[in-house]
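Go ahead and model the full structure; you've got the sequences and the hints to work with.
Each chain, written out:
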Amino acid sequence: MNSRPRLAIIGAGALTEGIYLPVLKESQLFDVACLVDINTAQASRLAEQYHIPRVLHNVHDIHREEIDAALIVLPNFLHASVTMDLLEKGIHVLVEKPMANSSQECERMNAKAQEKGVKLAVGLVRRFYPTTIFLKEAIEHHFFGKLISFDFEEGHVFEWKLQSDYLLSKEKAGGGVLMDTGVHMLDQLIYCMGVPETITYYDDNKGGVEADCRLEVTMAGNVKGKVAFSRIRKMRNSMILQFQYGRIEVGLNAHSELMVHFSNGIEIRNPLLQHGKVMTTKGAFIAQLNDFVTAIVSDTPCKVSGEEGIVSVKILEQCYAHRKSIHAIQPAF
Amino acid sequence: MLIENLFTLFNLLFKMEQHVLEKFNGKTILITGATGFVGGRLLEILAENTSAKVKVLVRDYGKAMRLGRYNVEMIKGDINETEVIEHAVLHCDYVFHCAYGNKGNDETRRQVNVDATVALLNASRSAGVTSFVFLSTMSVYGIENREWLTEEVQERPDATDLYAVNKLEAERLVLDFAQKNAFHATVLQPTAVYGPWAPSFIMRPLMNMQNYKFPLIENGEGVCNAVYIDDLCQAMLKAVLTPIALGKKYLINGPDQFSWKDFYTDLSTFLPGTELINVNQLEMAKIYDSAKRKKPILKSLIGLFKINKEAVRELLQYHFFAQLATWLYKYLPVSVIRKIQPLNPTKNSDSIKKVKKVVLPMDQASITFYTNKTKIDHRKAITELGYSPEFDRIKGMEIVETWTKWYYLN
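For the protein sequence lines, the chains are A and B, in the order given.
The C-terminal residue of the first sequence carries number 508 in our numbering, and the numbering is unbroken.
The C-terminal residue of the second sequence carries number 415 in our numbering, and the numbering is unbroken.
In short, the hints are calculated from the structure, not lab data.
This one's a predicted model, so the numbers in the text were calculated from it and none came from an experiment.
Please note that a few of the clues may not be correct.
As the list claims (entries may be wrong) - As a list, the in silico DMTMM-like pairs of lysine to aspartate or glutamate whose alpha-carbon atoms are at most 25 Å apart:
#1 A:LYS401 - B:GLU406
#2 B:LYS410 - A:ASP474
#3 B:LYS68 - A:GLU329
The structure is reproduced here in structure tokens:
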């Protein structure tokens, strides 16, 4: 392998353009060798801007001799098939969240990665946020006493311009707001507290994909909580955890402040620092790429491996399989 | 709220004779403007109460998140493209034309509002569509103080009100087309349409009430001619089923009469931090003149940020800009804070400075609108369409209150 692994980026959409390419340029962790997209005009434009030597139309044109690792930034329904193709060729893969649209696909992907002896990482970038790391520690080591309950909310009025119906198609996206936005927060929940013991899931889907949903969750130790997502209304956009000796609230960004409210009225409100710095969104993506490259070069496990990525997909499946109408518990419009 | 109460509320949401709804089972229906307020609600009613196949025309899928909850056929395209509308009307029994263009210059808007309406009519007739409803507005009559307004009154829209001018031109073409071709096209002229998601009479006033002292002109004694969204949808559905509605126009209003003071006082109680104030016409004219003279450069800059909300949100992802925004909120003058408050990225932040509110300026057209005491006579719709409005102010506002708390306060 060269000093820097040679990377193929599969998908030249908004996330690649807005986040991955600038982050790869800044971090210099990989040698970006090619950009693949069926929209070759878009791919060529970005390749020229970022001095990427090759643009390919099809992932089948990627060869192991030229590429060490791939970053998959495609619509959800393509995650499994494209990952399998690349793993088969012996190429390490970082696939964006969700790992795939079904746990069966995830299992096949994991088996293939193991068979070929390559790394399979999942782009659940919030695992790298200092807030997530802090919450996990606070829960495990009882910084504020035992966890009693929690209340997570994430919701915005969707305002991005979309050229395709991908996000509104059950077949392509695998679901609605839970699949798209919710998978991040579910992963944080699982990472910090473990797999839920029970989930009751409600959404407003009436034959399409859900835009507003809510999960009522019981974790080990009878810790109960609520998790809600929306793409049609703005929510509080924070995670609140009630502990024995205080209440913590953190926002959902890499740089979000931590707020601690003690029962005696004392409050702490500060950004969390990592290595003396506040983490930016770009910084979190760099940490994710750094973890991937370290895993490849040092043959160590990825922080979010395929084995971890499958857990949130199983939860999503469980939710959709046992969904109840949100009308049963709250107004829905 | 108790679950039993919720179910009671949902039963109120849409009431219409079952035998009328059954007539839409198995039909194919096109709705234009379905990403908007009226079209969106009509789609929900059809999807939830009938087995009709619903098609919608969508320009930007990003605005279709509410529609995406239903099993509807989304046709991507612009209403100005002939091929798109020819494809959209194919095999349709009914067309509900609710789309309205409010972007671009006057000519661009006219193309969407007038030219596209004619093209859609032609395409519908050619495709064998049975009936067509064009959603217009009572604004086509302009605002003159008279006791009653009926469909017989001569239309005189305010020449500066491009919305009304375009709607009038389009509705005349629709009625003419219907008569000449014996094609079942009907024009509906609703009053102020309100309900959950209503941009003009619910969402904007709520935002204004939070950021300003919201004025009740002349004590809010003007007549509020308003119709709850589901009543308008009832009229639309009945219009396509009523043969004598061919080539006719109908005013559509709610069942009861009340004032703007009644309406906005109700609304102001749904959210904390709202404020109403009585202002007479002369005072308001002065407030408006004074506001107009203030800092156009700042206004333009703020307007730019409002348009580029996505860019602002992106910037706020970065710690530096997030900190800068926090600092700005703490130290900028009150007058500037008030302008950028709607961009506030931290909904629940108590770090935001409490600003002293000023009175919301209103132009002369708004003053005239809010002081007018004309009542609407919609007996023609009741007699000919069988229109039977169900939602008086109390019922309608009960639903708006629940929605407001769900939408703004979670």
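Checked hints:
1. Of the supplied pair hints, the one linking A:LYS401 and B:GLU406 holds, its CA atoms being roughly 24 Å apart against a limit of 25 Å.
2. As the CA atoms of B:LYS410 and A:ASP474 are separated by approximately 52 Å, the hinted pair breaks the 25 Å bound.
3. A C-alpha spacing of about 19 Å is found between B:LYS68 and A:GLU329, which places the hinted pair at or below 25 Å, so the restraint holds.
Of the numbered hints given earlier, the model fails hint 2 alone.
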